[in-house]
Amino acid sequence: MKTTGKILGALAGLLMAGSAYATDVKIGVMNDRSGIYSDIGGEGSVIAARMAVEDFGAADKGINVEIVSADHQNKPDVGSNIARQWYDTEGVDVIADVPTSSVALAVNDITREKNKIFLNSGAATSDLTGAKCSPNTVHWTYDTWQLAHGTGGAMVAAGGKTWFFLTADYAFGHALERDTAAVVKEAGGEVIGSVKTPFPGTDFSSFLLQAQSSGAQVIGLANAGGDTVNSMKQAAEFGITQGGQAIAGLLVFVNDVHALGLDIAQGLVLTETFYWDLNDQTREWSARFEKTAGKKPSMIQAGVYAAVLHYLKAVEAVGDKDPTKVMAKMKEMPTDDPLFGKGVVRADGRKTHDAYLFRVKKPDQSEGEWDLYETVATIPADKAFRPLADGGCELVK
Amino acid sequence: MFELLGIPPQALFGQLLLGLINGSFYALLSLGLAIIFGLLNIINFTHGAQYMMGAFVAWMLLNYLGINYWAALFVAPVIVGITGVIIERLLISRLYHLDHLYGLLLTFGLALIIQGLFRNYYGISGLPYQIPGVLSGGQNLGFMFLPNYRGWVIVASLIVCLATWFIIEKTRLGAYLRAATENPTLVGAFGINVPRMVTLTYGFGVALAAFAGVLAAPIYAVNPNMGADLIIVVFAVVVIGGMGSILGSIVTGFGLGLIEGLTRVFYPEGSAVVIFVVMAIVLLVKPAGLFGRAA
Amino acid sequence: MMATDTETGAGVGPLVQSHSTSTPRHHVAIFAGLLVFGLAAPFLLYPIFLMKVLCFVLFACAFNLLLGFGGLLSFGHAAFFGSASYASAHAAKIWGFNPELAILFGTGCAAVLGLLIGSLAIRRQGIYFAMVTLAFAQMVFFFSLQAPFTGGEDGIQSVPRGHLFGLFDMAPDLNLYFFVLAIVFAGLLAIYRIIHSPFGQVLKAIRDNEQRSVSLGYRVNRYKLLVFVLSAMLAGLAGATKAIVFQLASLTDVYWTMSGEVVLMTLLGGMGTVFGPIVGAAIIVTMQNYLATFGAWVTVIQGTIFVISVMLFREGVIGILSKALKKPL
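Protein chains in written order, with UniProt numbering: chain A, 1 to 397; chain B, 1 to 295; chain C, 1 to 329.
Take these hints with a grain of salt, some might be off.
Claimed, not checked - Simulated crosslink set (DMTMM-like; lysine to aspartate or glutamate; CA at most 20 Å straight-line):
| no. | chain 1 | residue 1 | chain 2 | residue 2 |
| --- | --- | --- | --- | --- |
| 1 | A | K313 | A | E54 |
| 2 | A | K114 | C | D169 |
| 3 | C | K93 | A | E113 |
| 4 | A | K291 | A | E113 |
| 5 | A | K114 | C | E315 |
| 6 | A | K342 | A | D390 |
| 7 | A | K321 | A | D60 |
| 8 | A | K291 | A | E394 |
Stated by the list, open to error - Which stretches of chain A does chain B cover? Using the computed rule of at least three CB atoms under 8 Å from a CB of chain B, they are:
| no. | segment |
| --- | --- |
| 9 | 34-44 |
| 10 | 202-211 |
| 11 | 235-241 |
| 12 | 297-309 |
Unchecked claim - Quick partial rundown of chain A residues pointing at chain C, CB under 8 Å, derived from the structure:
| no. | residue |
| --- | --- |
| 13 | P76 |
| 14 | D77 |
| 15 | Q85 |
| 16 | Y87 |
| 17 | E90 |
| 18 | L105 |
| 19 | A106 |
| 20 | F172 |
| 21 | R178 |
| 22 | G188 |
| 23 | S214 |
| 24 | Q217 |
| 25 | E290 |
| 26 | T292 |
These are computed hints drawn from the structure, not numbers from a lab. Think of the CB as a built atom: it goes at the ideal place given N, C-alpha and C, for glycine as much as any other residue.
Excised from the complex, chain A in its bound form (with noise of 0.2 Å):
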């Protein structure tokens, strides 16, 4: 009876597929699948896609959903190449994660441009929905400001007034460092040096020492990936943290805090809008993902779930995948999760959230490989987002 079932249920499915309300969609997943964010986003990204198609039941609804994936390795123009070319000749509907800010504001003009769907959850500039914001683009999990807003705001509200900065010396890391300076500010914090280190760097040694000595209560780490572990080893290595001085990642991932070990991470203050640990929903499903990718999510990759499933949902509210439609659904329609709960995207692109402010656990408080965090505070969604005024954004009236 069992098997009669099955084929029962699969011609349906068949024809359902083979119906008029069949729509075909492809999601490219485009990420670092070989560089430093590969292991925040990677491979990973598209599990966690995978997996929004199979617990939205795609096929039952009579989506068929193609997922293709490729590499941008952190390079605008790999990534803009391959953007054009899904688009114009492979067919792809929408494009999803994107890490590094600098290929995704190239896919975010070509998607543009090509009147796609763009679903970002790997990069970081809040300029996704502010000054460059696009009718056809979704920015999930995190931004600059957050960050900033996150670690800064509550870092001087934690008692921590005196700032240093170590700032990787590209606009990337400028940008960090001036966002997060006038939060620091604006919370009544004092700014009282910062170095501006060579990028990519290895040896941070001189610049810590620098911040030592400039006796900070906060030393802020303006920088990302490699530059942000070797920077914290060594700080360790120095005895900074025992020297009384809290260090702030500005753009830290649970994948880093793993990497480096609680022996050397203890103690770091950062931002996050995801853990695996927050809620039996977030844990039931990183248990499934970790069967799979064999590691915990990162809140990126949590995001490509959610910012998939949500698109999905859009899709069938619609009926078909027109992009201008979509787009307005997913807009209209609240979100709904298990990672990050109830939200809305908003009319500038940016999906809110609650993000929270974690420290990282001391080794003999860590029950495990991946019990890492304990939450300080949790950042309320309307707190934790520019507001939609703010951003510059033309789709804001």
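Following the hints, complete the assembly by docking chains B and C onto the known chain A.
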């Protein structure tokens, strides 16, 4: 208390010491390059990848076999050195009759392969490697807090560099080596197995890079790209020093570390390029390099 | 450069010789064939991909001018390719130059940079020369990373394709394609002309035996510098054009891996041949295009091609073909 250009002398001493630590790596790497170049006449582009392999092998020894740092300091260079010997026998040795540039291209290709493979298997986030227990903590020198491990890096690097210099300049083996550099045919005629000496020399130069890699593992993230950019800086060091003398490459390595350290205090933005600027100046003034023989 | 290499005297370039100054008939035929193919291709293949191939073809040929005919291995050619790309993107986007002027400006910048770096680099020979150019290119990279106008990691994005001579809209891919084809073809012909000029003959003499050329009274360094500048300029032309095609100038174009790639293209195609780099560039770009999903394996594959080329066929694809046909290609 007096100040130098607005920097208190304590801070300056601290920074100079840090410069010396970086210089330790430059010295070890440029020394290896110089030895290989001396006998094989090739520039070993794989050097950065072999430095990275040293760090990775140390990590693997610890995590797969439980072999600790101190043993890894000897075992890892030997293992990487053996891979070097294999590479030399299988590939490089077939190019000696050709222009040196082919050696450069070959080793560049090898570097791409090695780095790519490590990236595929170990990702790029970097793997943690703890500082050995004996060397954790640090000394308060009054003007700075010097982690014990950093002090050890300077000492270890100096010992290895000077030992290498001693072997090459003062022992019989070194004499054969220097002779073979000058005239391989003649040395061969004296019954010395020159090809084997060449192979072992390559292995030794590579082992030096791996040794630097093991030294670097606890302080820099063990990461497949750790050698890729470093090697370019070391090339500049080599151009500045010239590859004529062993001692020259050691002195240049440490010296440029110091210069870079000073730049980090006075003009941090320029610290990434200062070595290249020095190189440009040296090229203008003394094209053969500070210690080089005129080509 | 070969002066130190006394053991066997085997140099880098002269695997296939083409000494005559007159244009062989089969070269004319090949150029004509290439042009016909170039004109027909965009109707069969994806034009943006083709334009990428074209830009790299010019880049590889410019590089080959220096390596294959000048005997100078530069490991820093990305500096010229990339800085021209930044200059032309900046000119087109910020100053609103027409595409042809933006490209011209970028090319000029590359030539000036070539003069600066070249005059220092030619002070050293052989592998030192390679290391010096690599180090200078790294300096240019750091400059591009930090300078405000380059946009750091973002690069210069959304560069307008503009109107050619203020008249023809370059936004449609096909229009732009024919413009790019014209530039690249002109560049290739210019390189061909340089190689077969008396200047080119002297270059080859220097490449094969620098000492002899000195004793014959040639001011060797002048020739070397001139070919270096010409090569930098043409590499710049390729980079400047690429910036307009992809509407983007980025750090990739100045990074050392780009220098490595152009060496690989030339080596694979056959250095010192006229048509080798064209084939080499086409193979590598196509490979990158189709292997993009393999991530880090691309690096491994490129490395493997390097090793195989060096170990087994140093003449390159065209070099081998040329030997088989017994005709210089």
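Status of the hints after comparison with the structure:
1. Using a Cα cut-off of 20 Å, the hinted pair A:K313 and A:E54 holds, with the two alpha carbons roughly 13 Å apart.
2. Among the hinted pairs, A:K114 with C:D169 is consistent with the structure: their alpha-carbon atoms are about 18 Å apart, no more than 20 Å.
3. For the hint pairing C:K93 with A:E113, the CA-to-CA distance comes to about 18 Å; that is within 20 Å, so the pair holds.
4. A C-alpha spacing of about 39 Å is found between A:K291 and A:E113, which places the hinted pair above 20 Å, so the restraint is violated.
5. With a C-alpha separation of about 44 Å, the suggested pair A:K114 and C:E315 falls outside the 20 Å cut-off, and the hint is violated.
6. Restraint check for A:K342 and A:D390: the C-alpha separation of about 23 Å exceeds 20 Å, so the hint is violated.
7. For the proposed pair A:K321 and A:D60, the alpha carbon gap of about 17 Å is at most 20 Å, so the pair holds.
8. With a C-alpha separation of about 43 Å, the suggested pair A:K291 and A:E394 falls outside the 20 Å cut-off, and the hint is violated.
9. Counting residues of the segment 34-44 of chain A whose beta-carbon sits less than 8 Å from any beta-carbon of chain B gives 5, enough to reach three: the coverage restraint holds.
10. Restraint check on the segment 202-211 of chain A versus chain B: 7 residues with Cβ-Cβ distances below 8 Å, three needed, restraint holds.
11. Restraint check on the segment 235-241 of chain A versus chain B: 3 residues with Cβ-Cβ distances below 8 Å, three needed, restraint holds.
12. Only when three residues or more bring their CB closer than 8 Å to a CB of chain B does the claim for the segment 297-309 of chain A stand; here the count is 0, and the claim is violated.
13. For A:P76, the shortest C-beta to C-beta distance to chain C is roughly 5 Å, which falls under 8 Å, so the interface hint holds.
14. Given hint, A:D77 at the interface with chain C, holds; its Cβ is 5 Å from that chain's nearest Cβ, closer than 8 Å.
15. Interface restraint check for A:Q85: the shortest CB-CB distance to chain C comes to about 7 Å, inside 8 Å, so the restraint holds.
16. Interface restraint check: A:Y87 against chain C, minimum CB-CB distance 11 Å, threshold 8 Å, status violated.
17. Below 8 Å, beta-carbon pairs count as interface contacts, and A:E90 has none with chain C, the closest being about 10 Å; its hint is therefore violated.
18. This hint holds: A:L105 has a C-beta 6 Å from the nearest C-beta of chain C, less than the 8 Å allowed.
19. For A:A106, the shortest C-beta to C-beta distance to chain C is roughly 6 Å, which falls under 8 Å, so the interface hint holds.
20. Interface hint status for A:F172: upheld, as the beta-carbon distance to the closest one in chain C is roughly 5 Å, under 8 Å.
21. Proximity of A:R178 to chain C is violated relative to the hint, the smallest CB-CB distance being about 13 Å (cut-off 8 Å).
22. Hint status for A:G188: violated, given a least beta-carbon distance of 31 Å to chain C, over 8 Å.
23. With its C-beta approaching chain C no nearer than about 23 Å, A:S214 sits outside the 8 Å limit, and its interface hint is violated.
24. For A:Q217, the suggested interface contact is broken, since its CB lies about 29 Å from the closest CB of chain C, more than 8 Å.
25. With a cut of 8 Å, the hint placing A:E290 at the interface with chain C is violated, because the nearest CB-to-CB distance is about 22 Å.
26. Hint status for A:T292: violated, given a least beta-carbon distance of 18 Å to chain C, over 8 Å.
Going through the hint list in order, the structure does not satisfy hints 4, 5, 6, 8, 12, 16, 17, 21, 22, 23, 24, 25 and 26.
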